[in-house]
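Participant: Okay, here's what each chain looks like letter by letter:
Number of protein chains: 2
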Amino acid sequence: MKKGNVIVGQSGGPTSVINSSLAGVFKAAKDGGVDKIYGMRNGIQGLLENKYADLKEVLKDGLDIELLKRTPSSYLGSCRFKLPEVADNEQVYKDIFAILDKLDVKYFFYIGGNDSMDTIKKLSGYAKEINSDIRFMGVPKTIDNDLAITDHTPGYGSAAKFIGSSLKEIIRDGLVYNYPNITVVEIMGRNAGWLTAAASLAKGDDCEGVDMICLPEVDFDIDKFLTKVESKKNQSQVIAVSEGIKTKEGKYVCEAAKENVMVDSFGHKSLSGTSQYLAGLIGQKLGCKTRSVEFSTLQRCASHIASRTDVEEAFIAGSKAVEAAFAGETGKVVIFERISTAPYQMITHVADVNEIANVEKKVPSEWIINDGTDVSDELVEYVKPLIQGELTQIMVNGLPKHIVLK
Amino acid sequence: MKKGNVIVGQSGGPTSVINSSLAGVFKAAKDGGVDKIYGMRNGIQGLLENKYADLKEVLKDGLDIELLKRTPSSYLGSCRFKLPEVADNEQVYKDIFAILDKLDVKYFFYIGGNDSMDTIKKLSGYAKEINSDIRFMGVPKTIDNDLAITDHTPGYGSAAKFIGSSLKEIIRDGLVYNYPNITVVEIMGRNAGWLTAAASLAKGDDCEGVDMICLPEVDFDIDKFLTKVESKKNQSQVIAVSEGIKTKEGKYVCEAAKENVMVDSFGHKSLSGTSQYLAGLIGQKLGCKTRSVEFSTLQRCASHIASRTDVEEAFIAGSKAVEAAFAGETGKVVIFERISTAPYQMITHVADVNEIANVEKKVPSEWIINDGTDVSDELVEYVKPLIQGELTQIMVNGLPKHIVLK
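One line per chain: the protein sequences are V and R, in this order. So the first sequence is numbered by the working numbering: it starts at 12 and just counts up by one. So the second sequence is numbered by the working numbering: it starts at 12 and just counts up by one.
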């Protein structure tokens, strides 16, 4: 029996495989002989309200773990809660550590993106200050693939697979009539264009691919954009744009279409409407039929077409975090290193969370080509291994079965 | 060798399984010993421009047929072309029959919805007038499920399966934070609410289901709608609305949001923006976080999650049309009769195309409950058999493989 208990939480926007990382943490902790494995409900925010679940009580057998790996969204619930600096509000830290002590927690795991790694950074820093022996480990997660140091993040491969598959379908659909039809598809990714770049996957022997890829890494020039669309105005086109594209003045394109843009507690603007705005502009200018499609929430929750590679790597990331914490690590995050692309070989390390928190990794400029309207073959080769394989869904009554925490 | 050749076309909006009907026509015609099997490119409109393909040349083996069954959109291309009345323009008819005679076509198959059945009606009527022995048969297709007489239409089951699966995922995603979040999901269906009603499939042991279902069959009352949303304002909600909901004055809700509504050649308005408009209203009124999701094109092209039952029935509909034409039928359409729901048993008949053309079947009022905000268990039992089973995708490089007519 391992000395001390485990607690795990999920934070930030969910992905199709964030629960697979939870399954990885749970399985490794259980196999490691931990007595109690707690799940924070709604992350650190729920923990502060003493909301947690005893995971051994709710995840009873292997089938539950398999269902968990196939369930989208965050099984434990999530939050967007930014820990204050210790100097500004030490009481929050005292409260958290009091709860952890009460539960005899010695290992704390947090599955999340940039902002969640900030939480691990602050909690592990505070533990050091007060000489606490509680170990804090981060498990990376984000569909945006924008974490530094790691080759890629769990969640990205499945979102990329959804984007590639859906775009192949939309491209077929868009070519159905014998007149030009221009579809603008809006893809998530506030500052980093990894998801939008995955639109390049659609192209192949059996698919024309998309006609343009507009990333937030490139200043968006509306006139140049319209000119390029017009140059192929006699054919149907499908154009992939990031929700986060901005003009060179730094204004989001979607802001041109909306008066009010909501801002969350991390100061992030809520973006959407870019594709609709651009489809409208194209329609006005070229007088042709246009459509706009927003993948919206679907790209982060379409677990029915998750990448098996991604699901497995997310699980591994969870279990490696436990292994590292048991070995004495704290204030670290699990990262991936790609040993080779063909054949695809990946290993894990742990890295200092300071290297990953609050840093955004963007698409490298050398992978952005054609005057910022396409991506290179290197990018396609980078993404391809991450979308390989499927997980057979557990279908009940014609629909994928999930597991729900009541 | 069968005397005379076969021609087949696809018309109207595509579905995930319209190509499975094409595969059914092709296979039955080939097995029946037909010499040439032509495919009209872009339906009757392409035919008038002498655009057709020799299908035996492009569908070479069983793998091609399996790929065809898994390829979304219309393999042959589609059109939205309304044949004039003979009295108004007989020349079009003369042109069509001249081309058919040139190709020695004796059997004409058209896969489509209401408007396409109008084409079969007119062509078979004209054939009778001029004593032509060419036989004209309709194969039903529409995600909208709005054809009269038939129990259901090929294409509906797969769209319903996409809607049910995606809503289960969106509902999980929507519950992830510990504050209320209201998602309005817009679903296709201009006048008939069958697709939106399929939102009811999401509910089960592992899913809370949607909170409201708004069909175009019911006058939409914005005040009552907002009051109902407000009554549960402390919880996250997912609301399914049809793109075609109208106020009792007959105005589309989406028209309130847009100044220009496009109209196609059949006089259909292009609808969208309903969910966005309603999400905005809810946000203004209740001050909570809202999201809008439009399933848009995805619901008619997501062949990667097609219903196996639907794919098989679509194939059967195609082959039964050929069988009937060979047996001497003309001016008919294949329809489905449900013998029993549990276990599900379905048989086919052929019916006079006059009974189906230009008639819309709506959701029966006795299946619409709770003051027009939900559907009954009878409706769920009706839809459930149609979404059963999956077709293993042929995956290449992590994405579903399609077949394309060059």
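Rather than coming from a laboratory, the hints here were simulated on the basis of the structure. Computed from a predicted structure; not experimentally measured. Ideal placement from N, C-alpha and C gives every residue a C-beta, glycine not left out. A couple of the hints might just be wrong.
[What the hints assert, rightly or not] Derived SDA-like pairs: lysine to any residue, alpha-carbon spacing no greater than 25 Å straight-line:
#	chain 1	residue 1	chain 2	residue 2
1	R	K417	V	G43
2	R	K417	V	D217
3	V	K257	R	K417
4	R	K93	R	V361
[To be verified] Non-contacting residues of chain R with respect to chain V, defined by C-beta distances greater than 10 Å in every case (computed):
#	residue
5	D65
6	K67
7	D72
8	E180
9	Y188
10	L212
11	E348
12	E401
Participant: Test the statement that K67 of chain R is away from the interface with chain V: the closest C-beta pair must be farther apart than 10 Å.
Facilitator: holds (20 Å)
Participant: Is the claim that E401 of chain R lies outside the interface with chain V correct, judged by CB distances over 10 Å?
Facilitator: Since the minimum Cβ distance to chain V is about 7 Å, E401 of chain R lies within 10 Å and the statement is violated.
Participant: Can you confirm whether the C-alpha distance between K417 of chain R and G43 of chain V stays at or below 25 Å?
Facilitator: This hinted pair is violated, its Cα atoms lying about 57 Å apart.
Participant: Holds or violated: K257 of chain V and K417 of chain R, Cα atoms, limit 25 Å.
Facilitator: Violated, because 37 Å separates the two Cα atoms, which is more than 25 Å.
Participant: Is the claim that D72 of chain R lies outside the interface with chain V correct, judged by CB distances over 10 Å?
Facilitator: Nearest chain V Cβ is 16 Å from D72 of chain R, so the label holds.
Participant: Compute the least Cβ-Cβ separation between E180 of chain R and chain V, then decide whether it is above 10 Å.
Facilitator: violated (4 Å)
Participant: Minimum Cβ separation between E348 of chain R and chain V greater than 10 Å?
Facilitator: holds (21 Å)
Participant: Is the hinted pair K417 of chain R and D217 of chain V satisfied, with a Cα-Cα distance of at most 25 Å?
Facilitator: With Cα atoms ~10 Å apart, K417 of chain R and D217 of chain V stay inside 25 Å; holds.
Participant: Since L212 of chain R was said not to touch the interface, does its Cβ keep a gap of more than 10 Å from each Cβ of chain V?
Facilitator: violated (7 Å)
Participant: Can we trust that D65 of chain R is non-interface, i.e. its beta-carbon lies farther than 10 Å from all of chain V?
Facilitator: It holds; D65 of chain R is separated from chain V by about 19 Å at its closest Cβ, greater than 10 Å.
Participant: So Y188 of chain R supposedly isn't at the interface. Is its beta-carbon more than 10 Å from every beta-carbon in chain V?
Facilitator: For Y188 of chain R, whose nearest Cβ neighbour in chain V is about 6 Å away, the distance does not exceed 10 Å, so it is violated.
Participant: Tell me if the straight-line CA distance from K93 of chain R to V361 of chain R falls inside 25 Å.
Facilitator: holds (23 Å)
Hints 1, 3, 8, 9, 10, 12 from the list above are not met by this structure, while the remaining hints are.
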